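Colleague: Residue strings, one per chain:
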Amino acid sequence: MNRRTTFATLLGKRRKLPKSRQTAAFVPASSGLDPYTGSWEFEQAAHLLRRASFGPTYQDIKDAVSMGMDQAVSALLADQPMPDPPVNYAFSDDPYVPVGETWIDAPYDPNINLVPYRRASLLSWTLDQIRMEGMSLREKMTLFWHNHFATEMNVVNDPKFIYRYYSLLRENALGNFRELTKKITIDPTMLRYLNGNQNTVGSPNENYARELLELFTVGKGDLIAPGDYSNYTESDIAAIARVLTGWRVAGYRTFNPNVSVASFFNPNLHDTGTKQLSYHFNNAVITNAGEQEYEILIDILFQQDQPARYIARKLYRWFVYYVIDDTVETNVIEPLAQLIVANDYEMKPALEALLKSQHFYDMAYIGPMIKNPIDFAVGLFKIFEVEIPSALQAHYVSLLPIVDFLNLLQMALFNPPSVAGWPAYYQEPSFYRIWTNSVTLPLRREATDLLSTTGYGQGDTPIRIDVLAFVATLDNPLDPNALIDEMASILFPQPITEYQHDYLKSVLLPGLPDYEWNDEYGAYLADPNNEDLANAVESKLRNLLSAMLAMPEFYLS
Amino acid sequence: MLTIYPEDIMKRRNFLKSASALAGVPLLLRGVGVSPFGKSSLLRFLNPDSDRVLVLIQLNGGNDGLNMVLPMDQYDKLSVLRSNILLPESAVLSLTEELALHPVMTGVKSMYDDGRLTLLQNVGYPNQNRSHFRSTDIWTSASPADEYWNTGWLGRYLTENHPDFPEGYPNSEYPDPLAITMGSIVSQTCQGIAANYSLALNDPFSLSLISVGAEDEVPDTPYGWELTFLRQAIAQTNAYSDVIFQAAESGNNLATYPENNRLAEQLRNVALLISGGLQTKIYVVSLGGFDTHANQVDANDFTAGSHADLLRMLSDAMAAFQQDLAMLGVEERVVGMTFSEFGRQIASNNSLGTDHGTAAPLFVFGSCINPGIVGDNPQIPDPQDIEPQAGVPMQYDFRNVYGSILMDWFEVDEEVVKQLLYDEFQYLPILNPCTPTASAEPSMPDAIELKAFPNPFRSSTQIAFSCEASQYVRLSVFDLRGQELEVLINKTLSAGEHVYSYSPDGLPAGTYAVRLQLGNGQAATRLVNKL
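Line order of the protein sequences matches chains A and B. Quick note: the first sequence uses my numbering, first residue 1, plus one each step. Quick note: the second sequence uses my numbering, first residue 558, plus one each step.
None of these hints come from the bench; they were simulated from the model. Bear in mind the structure is a predicted one, so any value in this text is a computation, not a measurement. Accuracy of the hints is not assured; some may be wrong.
To spell it out: a stretch of chain B is covered by chain A in this simulated footprint if at least three of its residues, at any positions, have a beta carbon under 8 Å from a beta carbon of chain A; those stretches are [stated by the list, open to error]:
(1) 681-687
(2) 1028-1041
Residues from chain B that keep clear of chain A, each with C-beta distances beyond 10 Å, as calculated [as the list claims (entries may be wrong)]:
(3) Pro660
(4) Asp980
(5) Ser1017
(6) Val1044
(7) Ser1060
Where a beta carbon is used, it is the ideal one built from N, C-alpha and C, also for glycine.
Working from the sequences, and respecting the hints, build out all of it.
Modeller: This is the structure we're talking about:
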């Protein structure tokens, strides 16, 4: 294809819109955390599932409509059993783990590098947990906590550690924020990642203490006095580093079959002196409590409401939108924070209130979230129920291209760019917009083109969207107008315009009258085993699907 | 918390333009005083046709300046405070009798020897913030430490000539990206009010074309805003992909770049695009990994380890890039600058690493510079007096480096620089704009004598300095965490000797820094309060 011709054609096609055609000016929503009482239709149910899970199917959305909001949210919040662990899917040279068995407790070997296959296994398996998940909030909240209590596998390069860390987040995904903070503080991965394992009496390492305050609990405010960040001071960091001295990690990339991944407390390395916090924490004094001292500390940090406010804002940016103005602060964040405090930092009541709130279903917030790469990529597999091979090796391998894709799209799983998590959730003023630019937009397009046309994979059957099966789930695929509108309702957060509808119809039926679709698809339905008929409608549908998935509307949730 | 919707900001921009035409008073945007752009556009003295290029090298994580550039006159104290990491005296590369580089930085050393390098010592800002994220925001936005600005310093500069960007860009006059960030995320330095001015670029040969589908009107709601943003991003990618591809195809690299060096890879592409005729003025490249809390050196060899690896990458990449530019004949069009969000603490920790600190040295490089060393060696406190968390006291405000580059390289008027950065901006003659019309040979200000006696002191000390002419003077006291505690003098003084009698009230015992700004010069000295 000639680059320059395409370039000119594309630019020529752009339609400049007169300002006068834009609709009335937006008034920021004044809605708050009160329960939503409006109509419960496809649009609301789809919005709930897109935000609370990854890529709902048409049937999922229809189920949520008939369940009603209360029941749908209850289903999302229901506790789920922990999944079976990842396994050795292909590496026959692991002396400890036969193919088909899990490696999560097995040692490494001095002569054979077992890290790469275990890392690939963990990544593929984790994406599969998202791909397989039904109506549940758990994986989305697990990823939320990963973004919150961020660590990097590039730094803690032991899949056994990362498995344990991510399992901790999954077990506590819908649990208690304060208790999770305690557990993560002595989690082996976190201890290694932020040098807690090198924090020693007489020579404190402040790395974890600083992030515990700045990023994990009370959050950083304005600098209001020298060394005073509104919610804590530099001297708090120094004191907390001392509180947390003495923790060590065992089992990092160990060859010893008798040593497991663990953290432990060494009282000889602990600072037994008295530590005093600042006025932000009521000048609390922490006397030596050895192994329990970190729990006492975290209880003190959570005695004020600041961690609730801080986490409420992060939930808002994860589930609703990135702009938090005074109205949102007053009507949503503050009541949400109070709900968290009133429930002793249990997260479920707050999540329930948010997902059932007027504010959540406000039209202004349906659609403005640019999907993150995981939501985008795994979502494609879920929406279209893309089949992957069931044989062990092929199953794991088939998801590895998504791992690579996420790296390219700047959302490498287990490798956020820093301890602050992904910038899309904190970096002003761009926020979600950071996901998309001249590098990542073409990659999104390549991915949707691949899945909607040729597919990928090495077997006889490429991994791709089965467009005929998908269209068969629609209510009225014989009518090209209904077909397009139904697909748009599944794929896009808000209805498309008549102009866009006509454009898509011209992709499906270039220059042909509507009844031609009815004839062709009708002929195929009457004789579905006729390959010629199937191929004819399939290629048309693939064109349509490819065009729809390339529209920026599909990048929005 | 006051937050403004992104699209409101665009509207406000227009409001600012018209409002400032009526009154030249600073307006409040996001609770922050900003200069009205309309006013500055009347004053601006920009040269938009200049073909000069600025390359920023961001060192993410907080670079340990004391392990990169060693004040050898302080070596004895450092050998106590950094006993588990300090480079052996015999290994370092000497620049002067009192200053040396890390031994892996042979490339930078040769640039220094060739007059291609300016080393600025002790660059930072008052009231140092030690959060990576906040301090990176401060360095990229050039805001004061206690204010939150949402625009980048280069974004504001570009707004001067391109206030409507991205609307209408690219166009026949500006077909090329105004700025490019090498990588997959655009740099905050180029964040404008309405959009980021830089294009993210990984591989100049493979920016592929993407479709926008059918565009139609959008509602004025968050949904409409984000959709519009995506459509614009797609359209611009398509438009710029063509010019970048052309430049990459016709460009060239003549020097040999080091292998397995992720910074060199980015700089090689920058040289390629410059030589290919791309008229982009600003490139931002980056190298991460400088947050060396642990194992920054090898336990058995302090000249090796993760920090040495990073410094080698930096040095090798800079040297190859400079050589390439020279061989391509574009050396006089390009200057580069390194920066990092902070230096690290003077004392090392027990993990063979260093924790977040304050000021640090930075490099400005190219052929159109005033080469040499600017600033004094940091004064390391006596080991028995060192305060917890002490960092290197700041001598130069980074905003003075930025502004001086804007003035000399992009010919921005000093008044505009003050509006873009801060009112107290001080010019530093770092660059030497290589053009025949350049004015008289600029020279660095003479060394400033700043003395305090007695020092250490109890209750009172005399701070002495002299003014060669009637000069603006700012004399202030910092603690070693980088907080500006007290401003003693902030006015114009007459020529001659001056002695300030300093009797601090309630200043705890400890080590402090007294910093003097005198005209264009700065000096800092250590002050020990014994009470």
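Colleague: Each hint: holds or not?
Modeller: Evaluation of the provided hints:
A count of 3 residues in the region 681-687 of chain B with a Cβ less than 8 Å from any Cβ of chain A is obtained; the coverage claim is therefore met, three being the minimum. With 3 residues carrying a beta carbon less than 8 Å from a beta carbon of chain A, the region 1028-1041 of chain B meets the three-residue requirement, and the given coverage holds. The claim that B:Pro660 is not at the interface with chain A holds, since no C-beta of that chain comes within 10 Å of its own (minimum 26 Å). Non-interface call for B:Asp980 relative to chain A: holds, since the shortest CB-CB distance, roughly 20 Å, exceeds 10 Å.
Even its closest Cβ contact with chain A, about 23 Å, leaves B:Ser1017 beyond 10 Å, as expected for a residue assigned away from the interface. Distance check on B:Val1044: its Cβ is at least 14 Å (rounded) from any Cβ of chain A, clearing the 10 Å threshold; non-interface status holds. For B:Ser1060, the condition that its CB be more than 10 Å from all CB atoms of chain A holds, with the nearest at approximately 20 Å.
The structure agrees with every numbered hint stated previously.
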